[in-house]
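Q: One-letter residues, chain by chain:
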Amino acid sequence: MLEFSQHCPVLMTITLLVGAALTPIVSRFRKKLSFLWAMFISLLSFFFCSCATWRLYSEGPISYWLSGWEPPYGIEVRFDYVSTITFLMTGLGVLIIFYSRKYIEHEINEDKFSLYYTLVLLLLCGMVGFSVTGDMFNLYVFLEILSLSGYALIAITEEKLNAMASFKYLVMGAISSLSILAGIALLYNVTGTLNMADMALRLQQFPPILTSYVALVLFVVGFSVKAAMFPVHIWLPDAHALAPSPVSALLSGLVIKVGIVGMIRILYTVYRLGGNINFIPVTNFMGWLAAITILIGAFFAFFQDDIKMIFAYSSISNIGYIVMGISLVSFTQPEKGYLGMVGGLIHIFNHAIIKSTLFLCAGALIYKTGFRKLSDLRGMGKKMPITCGALTIASISIAGIPPTSGFICKWYIILGAIEFGKWYFAAALLIGTLLVFAYYIKIVNAIFFREPNEPITKVDEAPMSMLIPIVLLAIGCLVLGVFAYLPLAVIRPAAATILGLPSTYIPGG
Amino acid sequence: MLEQVTSILPFLAVFIPIFFVILIFIFGEKLGIRMGWLAFAASVSTLFIILLMWPGSLEGTIFKTHLMMIVPGIWMFIRADQLGLVLALGAAILWSMSTMHSIGYMKGEHALRRYFSFVVLCLAWTVGVATSGNLFTYLIFYELFSISTYPLIVHEETPEALAAGKKYMIYILVGSSFILFAIIYTYFLAGTLTLSKTGILSLAEHGRVPLLILFWSYMIGFGVKAAIMPLHGWVPDAHPIAPAPFSAILSGVMVAVGTFGIMRVTFNVFGASLVRELGISLPMAYIVAFTIIVSSLLALDQDNLKRRLAYSTIGQMSYIVLGTVLLTTSSVWGAVVHIVNHAFMKGTLFMCAGNIIKQTGKKNISQMRGIGSKLPLTMAAFTVAALGMIGVPPLAGFISKWYLCIGSLDAKEIVFVVVLLLSSLLGAAYFLPIIYTAFFQKPGEETFPERHGGHAEDAANPKEKSTPEAPKVMIIPILVGAAGVIIVGLFAEIRYFPLSVIKIATSYFLK
Numbered sequence: 074m075l076e077f078s079q080h081c082p083v084l085m086t087i088t089l090l091v092g093a094a095l096t097p098i099v100s101r102f103r104k105k106l107s108f109l110w111a112m113f114i115s116l117l118s119f120f121f122c123s124c125a126t127w128r129l130y131s132e133g134p135i136s137y138w139l140s141g142w143e144p145p146y147g148i149e150v151r152f153d154y155v156s157t158i159t160f161l162m163t164g165l166g167v168l169i170i171f172y173s174r175k176y177i178e179h180e181i182n183e184d185k186f187s188l189y190y191t192l193v194l195l196l197l198c199g200m201v202g203f204s205v206t207g208d209m210f211n212l213y214v215f216l217e218i219l220s221l222s223g224y225a226l227i228a229i230t231e232e233k234l235n236a237m238a239s240f241k242y243l244v245m246g247a248i249s250s251l252s253i254l255a256g257i258a259l260l261y262n263v264t265g266t267l268n269m270a271d272m273a274l275r276l277q278q279f280p281p282i283l284t285s286y287v288a289l290v291l292f293v294v295g296f297s298v299k300a301a302m303f304p305v306h307i308w309l310p311d312a313h314a315l316a317p318s319p320v321s322a323l324l325s326g327l328v329i330k331v332g333i334v335g336m337i338r339i340l341y342t343v344y345r346l347g348g349n350i351n352f353i354p355v356t357n358f359m360g361w362l363a364a365i366t367i368l369i370g371a372f373f374a375f376f377q378d379d380i381k382m383i384f385a386y387s388s389i390s391n392i393g394y395i396v397m398g399i400s401l402v403s404f405t406q407p408e409k410g411y412l413g414m415v416g417g418l419i420h421i422f423n424h425a426i427i428k429s430t431l432f433l434c435a436g437a438l439i440y441k442t443g444f445r446k447l448s449d450l451r452g453m454g455k456k457m458p459i460t461c462g463a464l465t466i467a468s469i470s471i472a473g474i475p476p477t478s479g480f481i482c483k484w485y486i487i488l489g490a491i492e493f494g495k496w497y498f499a500a501a502l503l504i505g506t507l508l509v510f511a512y513y514i515k516i517v518n519a520i521f522f523r524e525p526n527e528p529i530t531k532v533d534e535a536p537m538s539m540l541i542p543i544v545l546l547a548i549g550c551l552v553l554g555v556f557a558y559l560p561l562a563v564i565r566p567a568a569a570t571i572l573g574l575p576s577t578y579i580p581g582g
Numbered sequence: 102m103l104e105q106v107t108s109i110l111p112f113l114a115v116f117i118p119i120f121f122v123i124l125i126f127i128f129g130e131k132l133g134i135r136m137g138w139l140a141f142a143a144s145v146s147t148l149f150i151i152l153l154m155w156p157g158s159l160e161g162t163i164f165k166t167h168l169m170m171i172v173p174g175i176w177m178f179i180r181a182d183q184l185g186l187v188l189a190l191g192a193a194i195l196w197s198m199s200t201m202h203s204i205g206y207m208k209g210e211h212a213l214r215r216y217f218s219f220v221v222l223c224l225a226w227t228v229g230v231a232t233s234g235n236l237f238t239y240l241i242f243y244e245l246f247s248i249s250t251y252p253l254i255v256h257e258e259t260p261e262a263l264a265a266g267k268k269y270m271i272y273i274l275v276g277s278s279f280i281l282f283a284i285i286y287t288y289f290l291a292g293t294l295t296l297s298k299t300g301i302l303s304l305a306e307h308g309r310v311p312l313l314i315l316f317w318s319y320m321i322g323f324g325v326k327a328a329i330m331p332l333h334g335w336v337p338d339a340h341p342i343a344p345a346p347f348s349a350i351l352s353g354v355m356v357a358v359g360t361f362g363i364m365r366v367t368f369n370v371f372g373a374s375l376v377r378e379l380g381i382s383l384p385m386a387y388i389v390a391f392t393i394i395v396s397s398l399l400a401l402d403q404d405n406l407k408r409r410l411a412y413s414t415i416g417q418m419s420y421i422v423l424g425t426v427l428l429t430t431s432s433v434w435g436a437v438v439h440i441v442n443h444a445f446m447k448g449t450l451f452m453c454a455g456n457i458i459k460q461t462g463k464k465n466i467s468q469m470r471g472i473g474s475k476l477p478l479t480m481a482a483f484t485v486a487a488l489g490m491i492g493v494p495p496l497a498g499f500i501s502k503w504y505l506c507i508g509s510l511d512a513k514e515i516v517f518v519v520v521l522l523l524s525s526l527l528g529a530a531y532f533l534p535i536i537y538t539a540f541f542q543k544p545g546e547e548t549f550p551e552r553h554g555g556h557a558e559d560a561a562n563p564k565e566k567s568t569p570e571a572p573k574v575m576i577i578p579i580l581v582g583a584a585g586v587i588i589v590g591l592f593a594e595i596r597y598f599p600l601s602v603i604k605i606a607t608s609y610f611l612k
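Chains Y and C are the protein sequences, given in the same order. With positions in the first sequence counted from 1, the corresponding number in the working numbering is that position plus 73. With positions in the second sequence counted from 1, the corresponding number in the working numbering is that position plus 101.
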């Protein structure tokens, strides 16, 4: 078993890649097979991921050398505590593919079905590969895989607006990819290696030089675009709101988190070890940007009437929470940054689950009614009680009302901000969540308490294949809040190792 | 004397209502209005469990349950101490009355299952707030309570109800943000959130400025719910718009949860001696004294009965806060016992207002001429409760005011005695005209407009012609309430009545 689990990080990536490539061939035999095939592949990779995660918590991080070449020369696949996000990615992937079966009939042409599943699997492959690789160039390759499949998935409905949104995303994404590639090239120039751990070691040996700092800035800019930080968030609302709902769930729940994972890898794996990062106060700067991002996202969400547009803007706001959390660190006193880091990391998980719930619920509403404006969705609570109930639970969670899962990050990040004496960050977070709640109360009001414009007929509860993922995720929103120590058991070692503390670190102990 | 025992009782008190909510949710559609009896059963079972803890509490026992760890190091911790039990008792009694009243009042209304589910859920959260052993648990129940109230406030689903609900949410959530911040800051300073008998903070260790920031954050946060001016804006809108039995709960207990928070902060987080050292009790006392006078003056101006009652609630809550921050033994007795007394009185008053609305459709006091002869029992109960509010001896309100006045004298602050007496006077000025209108004025043109072809709204109401007394389910609760007003007034000093439990609590809070 141990021997087998050693291979899992690679197997799960390869499974998704090969599965994606074979999907069009499988669908040649019978159209419907492409769904079953995608389910099978995603379940298989979820299984591999579970094995790898189990191994991580029993034996410690896995370092796998492709074809047995030793790391600085060969490619290293590294499954460490940060990589546990792949567990979330593959798990959500299974649910979202399950959900897609009925939903895509509504928005996508029938001859595009196999293409859709191919792209979803590729997207998952890109994210999983990105999170487990220990090699800078592979990082870039997987980033491109997931970005390209993302652009295609947004445009797959063949609507004109979607093409526009996809193009906007593509332009911004290309800029970010270019700056990341340039950053990698500069770092390679300085260190002569592409392996992250090796890079960090070699950076330590040099005095801080300009090139490595230019690279750092390029990385931060590049990953900020991917994560949709202010002021480079402009691509996100259209892209996430117009994409088919399961794709929106993937993009908002997971793909923007890839930018965060990238930032963590660069800042804390490569640069933290590799010399004096405080030369440019990059984390301080990111904290301020995060505060603005929180407020801007929440503010604009308030004025939207399109339900998916609201969720898209709220994603921007939530990315702000996460970045604020991971930027509340001090490189001289790593213990001090622990709480903020835990808050940021746990929100990666919780936000993925909450936002997927929201988008899938929105999808169910759109699938059944064809409407996406709040004013048209009035009174749906009586017709689709389960969907709307799940939507309400997720709304309360994302507003951070205890004991739901959205609350945990607020607790830790504010604690972290107070620890650093940064009151204004705590204030920004609290004001942000207030705004968030204000617009979610608008949604709940519309679906439950307002009279419909015209009597609703012929609308009933969404089909089972959509309800099961929705209900599971909504339960997740509650369970991860009430039993917060479960995800925290995963997050705490991750936060500690990112900061260079022992993985069993307990604050104050 | 004080011992802490691990017991399942506080846990049951919180979770039995939740069990009933599940029952209501499953069987509600089939039962129709009869599901109100399920809600009533939930309230009575909770009351029974609280009464099981009551004798032990008199002996000085504190019941506690560690439920589970939420985040590492912080437990969901339920602990029924004397102060908490008094609030829980008041809540359970009021809920029993209110749910029974709802069976009559809500007949023929829409969305009954939602109404009863959330009413019972609110009971669970209130008992949870009352029996929270640490601030984290407190925050969880407090927020759940705030959220669960929303569907009940907007129950009518009219634009006015939604506007009132929106106002409520904005006020409460801004308040919650302050509370959340304050609790996190407390955790940062003290390293613990467990409520202790004499406070968890100290001046020497934490310094003056952080403690002042902390205190005022708590006061703003809880002040919103306790309707301390100028944070009271949501009360006059939200209380009248909710269905009457729930208005009774809102005014009777929900607002008191805010004052209860202030008590917890004063006694269990800061501790009485630290509050004295910081010298923050007098500024707070002046703010609430201002609230008492101004809210009474505003109440005079209201013609809508429920709105007038809502303004009266604002003033009464400030009594409780005043007694708390004066920090003398008698004033604290008066403050805590006023939670229960006020729940009885204001609950009864709102349910009476509900009976009037249900039977006659009248909401304004000016329309209520001669209504006493139409609804004799309702108005009799109303009179008893109103006299109690004014503070006529030997009714419930008198006991609280008596101790509050003695407490003010002990604190050597004569000005608050004057404020309390003035407030009684104003109370008389806004309650007695209602009674006068109801019993001693002949039904005039305004009361029966249809005789002269008056305005259509009243004429369209078929109940107008003969207004029989309300059905039994609506009469029994208000009679129980009125009897309660008399009994807790007359027998206040007898063992097993709330005051004796409060005396134990103050004996260790004010050490």
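Among these hints, one or two may not hold up.
Unchecked claim - So these bits of chain Y aren't anywhere near chain C, every CB distance computed over 10 Å: (1) Glu132; (2) Pro475; (3) Thr506; (4) Phe522.
What the hints assert, rightly or not - Derived DSBU-like pairs: lysine-lysine, alpha-carbon spacing no greater than 30 Å straight-line: (5) Y:Lys446 to C:Lys131; (6) C:Lys464 to C:Lys268; (7) Y:Lys455 to C:Lys131.
Unchecked claim - Rough simulated footprint, nothing fancy, chain Y against chain C, three-plus residues with beta-carbon under 8 Å: (8) 147-161; (9) 351-359; (10) 382-388.
No lab work stands behind these hints, which were simulated from the structure alone. Glycine is no exception: its CB is placed at the ideal position from the N, C-alpha and C atoms.
Q: Regarding the pair lysine 455 of chain Y and lysine 131 of chain C, is the alpha-carbon distance no greater than 30 Å?
A: holds (17 Å)
Q: Mind taking a look at whether chain Y covers the segment 351-359 of chain C? Criterion is 3 or more residues with CB to CB distance under 8 Å.
A: This one is violated; 0 residues, fewer than the three required, reach chain Y with a Cβ under 8 Å.
Q: Under 8 Å between beta-carbons, do enough residues of the segment 147-161 of chain C, three at least, approach chain Y for the coverage claim to hold?
A: violated (count 0)
Q: Does lysine 268 of chain C sit within 30 Å of lysine 464 of chain C, going by the straight-line distance between their CA atoms?
A: With Cα atoms ~22 Å apart, lysine 464 of chain C and lysine 268 of chain C stay inside 30 Å; holds.
Q: Do three or more residues of the segment 382-388 of chain C come closer than 8 Å to chain Y, measuring C-beta to C-beta?
A: Our answer is that it is violated, as 0 residues pass the Cβ test (under 8 Å) against chain Y, missing three.
Q: Within a Cα-Cα threshold of 30 Å, do lysine 446 of chain Y and lysine 131 of chain C meet the stated pairing?
A: violated (34 Å)
Q: Hey, is proline 475 of chain Y genuinely clear of chain C, shortest beta carbon separation above 10 Å?
A: violated (4 Å)
Q: Would glutamate 132 of chain Y pass as off the interface with chain C, using Cβ distances and a cut of 10 Å?
A: holds (23 Å)
Q: Minimum Cβ separation between phenylalanine 522 of chain Y and chain C greater than 10 Å?
A: Its Cβ does come within 10 Å of chain C, the nearest being 5 Å, so this is violated.
Q: Could you check that no beta carbon of chain C comes within 10 Å of the beta carbon of threonine 506 of chain Y?
A: violated (7 Å)
Violation of the numbered hints given earlier is confined to hints 2, 3, 4, 5, 8, 9, 10; the remaining hints are satisfied by the structure.
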